[in-house]
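**Q** Starting from the known structure of chain A, fit chains B and C onto it as the hints suggest.
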Amino acid sequence: MAADALLPAVVMVPFGGALIAFALGGRWTRLTAYATIATGTAIAACIARASLADGQTLVYHVGGWHPPLGLALTANALAAAMIAGVAVVVCGIAVFAHRDFGQPHAVREARAPLVFWPLLLAVWGALDLAFVSNDLFTLYVALELLTFGGVPLVCLDGRAETLRAALRYALFALTGSILYLAGCVMLYGAYGTLDITLLGARVRPGVVAWTATTMMTAGLLAKTALFPLHLWLPPAHAGAPAAASAALSALVIKGSWFVVVRVWYDAMASAVTFASAQVLAALGAAAIVFASVTALRQPRLKLLVAYSTLAQIGYLFLMFPLAFDATGSAIMHGAALQGGVLQALSHATAKAAMFMAAGLVYAALGHDRIADLGGVARAMPVTTATFALSGIALMGVLPSGAYVAKKLMLDAADASGQWWWGVVLKGGAAFTAGYVIHVLYRALRPNTNVSVAPVPRASELAALGLAIASFLLAFAGTTAIGTFDLGGTLVAVGGGALLAIFVASKGSRVPGVALCGDLDRALRRWTPASLFLLLLATAFGVALKAGH
Amino acid sequence: MTALPLWFALVPAALIGVGLYGIVVHPQPLRKLVSFNVVGSGAFLLFGAVARRGAAVPLNGDPVPQALLITGIVVAFCASALAVMLILQLHDRSGDTSLEPAGEA
Amino acid sequence: MIDALNAGIALLLLALGAYAVMAKDVFAALVGYIAYGLLLTLAWMQLRGPDVALTEAAIGGGLTGAMLIAAATRLRDRDAAARAPMPGIGARVLAATLSAVVASAVAWSVASLPEPAATLAPQTLAAMPALEVGNPVTAVLLGFRALDTLLEAIVVVLALIGVWSLAPDKAWGGRLGRLQHAQPDGMLAYAARILAPIGIVIGMYIFWIGADLPGGKFQGATLLAAMWLLVWMAGLTDAPAVDRRWLRAMLVAGPLAFVAIGVFGAVQAGAFLAYPAGLAKPLIIVIEIALMPTLTLVLALVLVGPPLREPER
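As they're listed, the protein sequences go chains A, B and C. Going left to right, the first sequence walks through residues 92 to 639 as the working numbering numbers them. Going left to right, the second sequence walks through residues 19 to 123 as the working numbering numbers them. Going left to right, the third sequence walks through residues 22 to 334 as the working numbering numbers them.
Derived by calculation from the structure, the hints in this document are not laboratory data. Treat the hints with care, since some could be wrong.
Said to hold, decoys possible - Partial list, derived from the structure: chain A residues whose beta carbon lies under 7 Å from chain C:
no., residue
1, M103
2, A213
3, Y282
Stated by the list, open to error - Capping the alpha-carbon separation at 16 Å, the derived lysine to aspartate or glutamate pairs in EDC-like fashion look like this:
no., chain 1, residue 1, chain 2, residue 2
4, C, K191, A, E200
5, A, K517, A, D576
6, C, K191, C, D264
7, C, K191, A, D248
8, A, K517, A, D502
9, C, K191, C, E333
10, C, K191, C, E331
11, C, K191, B, D110
12, A, K517, A, D505
Backbone N, C-alpha and C define an ideal beta-carbon position, used for all residues, glycine too.
Chain A on its own, in the form it takes in the complex:
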């Protein structure tokens, strides 16, 4: 089947392009990157058409060898959606970064432009590999590729603080990788294969399955920066250049999250329990509350957007308990999984747009202090609109990808009777609205004295395009959008405004907020965070055992 042959292509084209762009150097790097992105996007579109429109699951056996000895690549509709969505985000980042990472005229080759494009392409290739690979060890290689691509992006500007952030990220991510690999070792020892489909058929609940799942999950959560393992993300994402931050928040994190989905839904489906899924979602809910409140306390825009990423990562883990059926006995591929994938894509597009907007503001004003954002709305209407649109898209109140995702997950919550996650889903919008309103309020304040440096129109439009794409995702699903939920919108906006007023302005006197601040400072130190990593590894193990 011709479409199946696209699977190795969608992985190899970005990597091949990265290598050639690196080798050619100089002025050719960006050009090669653009050619690669055009080709890769075309391939992604073909895969999307084959899988989403025609409904087939693509399967490819590399080298003609079949599992368990060989490697298989698969893409069902959800993987195809991720491939297509990521391609759109990469296009947006490429247009946005055109001027920042073009070669300067004076020298033949400068460091940052040479390094940025191969890293971006490598991250893209690694993500596509994570989406299509059906083997846990190949996924390990994909995770390492993502780390090796992401770490240099963090310290691309070469300052000491970003080097420190990159080192923290590297060490924590490597600890996660080795935990994941240890889990793979035990699975192979027990079942003689690392192919996900075969494991799904062979895995039985038992000590080996529980230990493997717990170590792999803990390691992957460390790489995804789920609360309380988020110590590395805020300084890493906030310190990187805007295009790199967009790539890190929108793309890199989705890789390890997708591997968690594959492990829980496919490989270890017989071993995961309702209780352990509740633990995952509880961490997600804590992430939403904690990170949104902490975002409101940030003085700098890029840090606020980074904490917003932490909050949105929490949403991505609410889908796990909601995938269990009403009796809580088996995890199913259903509305919750679709909702989760749609949420991931909405976040990818909207967050990339938000970081791009923040970067443009920084470039224009020379700083990104939220308190001094007055006048930006008048001086940079496109960028302000981008920020507003991406924020509204993330809130999930107006028809947007996040809105449909939330609807799917609410349906799953009703079907399985888990009303408490319904409350979290509905209330989370208010938390997101809080920091969006906080920033827009400052930006909309008039200030005739603000001096604004010009920014590339192409970059502004690229950011706006991605924000609009987040809305267009509403039409991606087959679920009807339904009527406009006025009540929910009012609750979200009203709640958000209240949060913005109380937390941002008077926050230090509110006891809960001070607690969040202290918790954030405590958790961003290595010792507590790494202790939590081990604690989570133990907690999941207990939850998995207790469920049987």
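**A** Leaving out everything else, chains B and C in the frame of chain A:
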């Protein structure tokens, strides 16, 4: 199938534990990296024990884990190298390789 | 009898590993780590994995140990982190307890592995004749799971790009690392002159026989890289500049050739990275030859570091 010498299964598990302790506790990133390598070699030894268990005449061990191990060792080395270079560059630019954010340590 | 040997090696490994983690002085810990690496090679021989033993000895023990000691020497004088206090006793007890829990869970899992052992050895033996190689590990690496090896080649180049990205902006275009000085009549220069040619021959031999006997490109490339590093450390040669075209071309030629052969397989044999009948062994040898320069360069240059000197003009 060869009976597994239990030593090469229990000791690697202990090495993983010892290395994890080191990763949590040492303030100096270079010591964390050494501990990470100890965890890594423990996990690899476990895989090697699994490979040995899977021996089938005329092979002395299951070749698939052995092949994966070679890949794993090379990847772990590259990761260590990247981390070491980060540590050295951080040291060159700030004199302090500590992981805690400046001003909050 | 043999079991007593295994027990001895295992317990000594645990002691050395614990020492490497917990010793107070960083140099003592590193010496412990290097001894640990050497003993690991012995453990691998006991586990009947000669390919892995070679790789572990060369990369895990040799290159990693050299890299860590060089780093510790650079950091010795000024590093503030070295003077930072360890966490309090409560945190350390908690860390020890949780680590012990994780280790026990792993040990319990391993003890619960089913008998008879799950293995792919029979399938490997059955499928190997199609590839015409005698070494089953090579059959897995370049045959059944060739995609993993291709991706690994990309991983190593990406790691080098990452290391190079750490250069200061003004040093871009300059030579890699710092200029090494050694006594021209001293021991290091002497060892470099004597050992390097021998090491190169041995490295090439290990690479060549890897198709049918333990060995292969990873182990051979490590030896070649180590010999180059020896010559570099002795000051007898200098690292290339980062923007040299030949350097870039040699770095990417390996993975790109691998991809090209994969595409050739897709066209001729119906699947990416498949081998047409009868061409398996020649193609595998071509891939190994193509990857040697890439691996050697990466393993050597990743220890040299990013460009730190301004470009010569």
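**Q** Now, for every hint given, state plainly whether the structure supports it.
**A** Evaluated hints:
no.: 1; hint: M103; in the structure: holds (6 Å)
no.: 2; hint: A213; in the structure: holds (5 Å)
no.: 3; hint: Y282; in the structure: holds (6 Å)
no.: 4; hint: C/K191 to A/E200; in the structure: holds (11 Å)
no.: 5; hint: A/K517 to A/D576; in the structure: holds (11 Å)
no.: 6; hint: C/K191 to C/D264; in the structure: holds (13 Å)
no.: 7; hint: C/K191 to A/D248; in the structure: holds (13 Å)
no.: 8; hint: A/K517 to A/D502; in the structure: holds (12 Å)
no.: 9; hint: C/K191 to C/E333; in the structure: holds (12 Å)
no.: 10; hint: C/K191 to C/E331; in the structure: holds (6 Å)
no.: 11; hint: C/K191 to B/D110; in the structure: holds (15 Å)
no.: 12; hint: A/K517 to A/D505; in the structure: holds (13 Å)
Consistency with the previously given hints is maintained throughout, with no hint failing.
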